[in-house]
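Student: Residue-level listing of the chains:
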Amino acid sequence: MSVRKKFPTRLMAGLLLAILIDTAVQLIWKSAIVSLPNNGSPWLNVQALLRSPLAISVLLLMACQFFNWLIVLSNADLSYAQPVTSLSYVSVFCLSVLYLKEATDLIQIAGIILVLAGVWFISQTEHVTASNEGER
Amino acid sequence: MIGQNGIGILLVVIWALLEGIAQVFLKKSVLGAVHWYLWIFFGVVILLIEKMIYSEALLFLNVGAAYAIGSLNLISVTFMSRCFLREKVTRRRWIGVCLIFIGVGLVAART
Chain A
82 MSVRKKFPTR LMAGLLLAIL IDTAVQLIWK SAIVSLPNNG SPWLNVQALL RSPLAISVLL
142 LMACQFFNWL IVLSNADLSY AQPVTSLSYV SVFCLSVLYL KEATDLIQIA GIILVLAGVW
202 FISQTEHVTA SNEGER
Chain B
94 MIGQNGIGIL LVVIWALLEG IAQVFLKKSV LGAVHWYLWI FFGVVILLIE KMIYSEALLF
154 LNVGAAYAIG SLNLISVTFM SRCFLREKVT RRRWIGVCLI FIGVGLVAAR T
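So the sequences go chain by chain: A and B.
The first sequence begins at 82 in my numbering and counts up one residue at a time.
The second sequence begins at 94 in my numbering and counts up one residue at a time.
All the given hints hold, so there is nothing to weed out.
Cross-link-like lysine-lysine pairs, in silico, DSS-like; alpha carbons within 25 Å at most: (1) B:Lys181 with A:Lys87; (2) A:Lys111 with B:Lys144; (3) A:Lys111 with A:Lys182.
Note that these hints are calculated values from the structure, not bench results.
The following block holds chain A by itself, in its conformation from the complex:
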């Protein structure tokens, strides 16, 4: 009989933080890229990005995300944690509709339901592979 392992609080907190930071990064990154002049040169684009306060905020958030992600990975399978963070697609969508007043339709709502269903399926699996657990 298989007994499900206890879901660690630290992992839950880490995944929630990862989703929150990813949501913020997506929204701010979009604003930073859209505000760039399209001059056709990758190097000039990188230079312009490095001067943008929005892009610097994104870099700081990415640094926080990186360290949080290492903690998450030390507590869960990569193939478990990565798909669960797809909940940020749901949060970005909801924030865009609620605060940016972006239009939505039934197809998009169906997509959100599929993402939620997918995360539910993954949450029903073990968060860590037994053989990998022994290596830590």
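Starting from the structure of chain A, add chain B where the hints point.
Tutor: Then chain B, alone, in the frame of chain A:
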């Protein structure tokens, strides 16, 4: 001749593959590997390269399309986790990944 959209799609597909490789490197670093710092170092280098590629792709594609194609990274990460990290990827987990992939595609296609 490959068009603007073709270049954008190609860049996002490359980004998705690099994301899978970078994530495997980061996971290796926390599994107690001997040279864990090298796994982190090369993982970070790949992450930086892929961010530049994704930014470049956004100049050729709209965000919705890039987002939809970029969700391929879920497939690449799951596949590489199974092959290189020997993680137990059950049928239920694959179903979840595929549902998310289709769901993101539906959301992003209308963006």
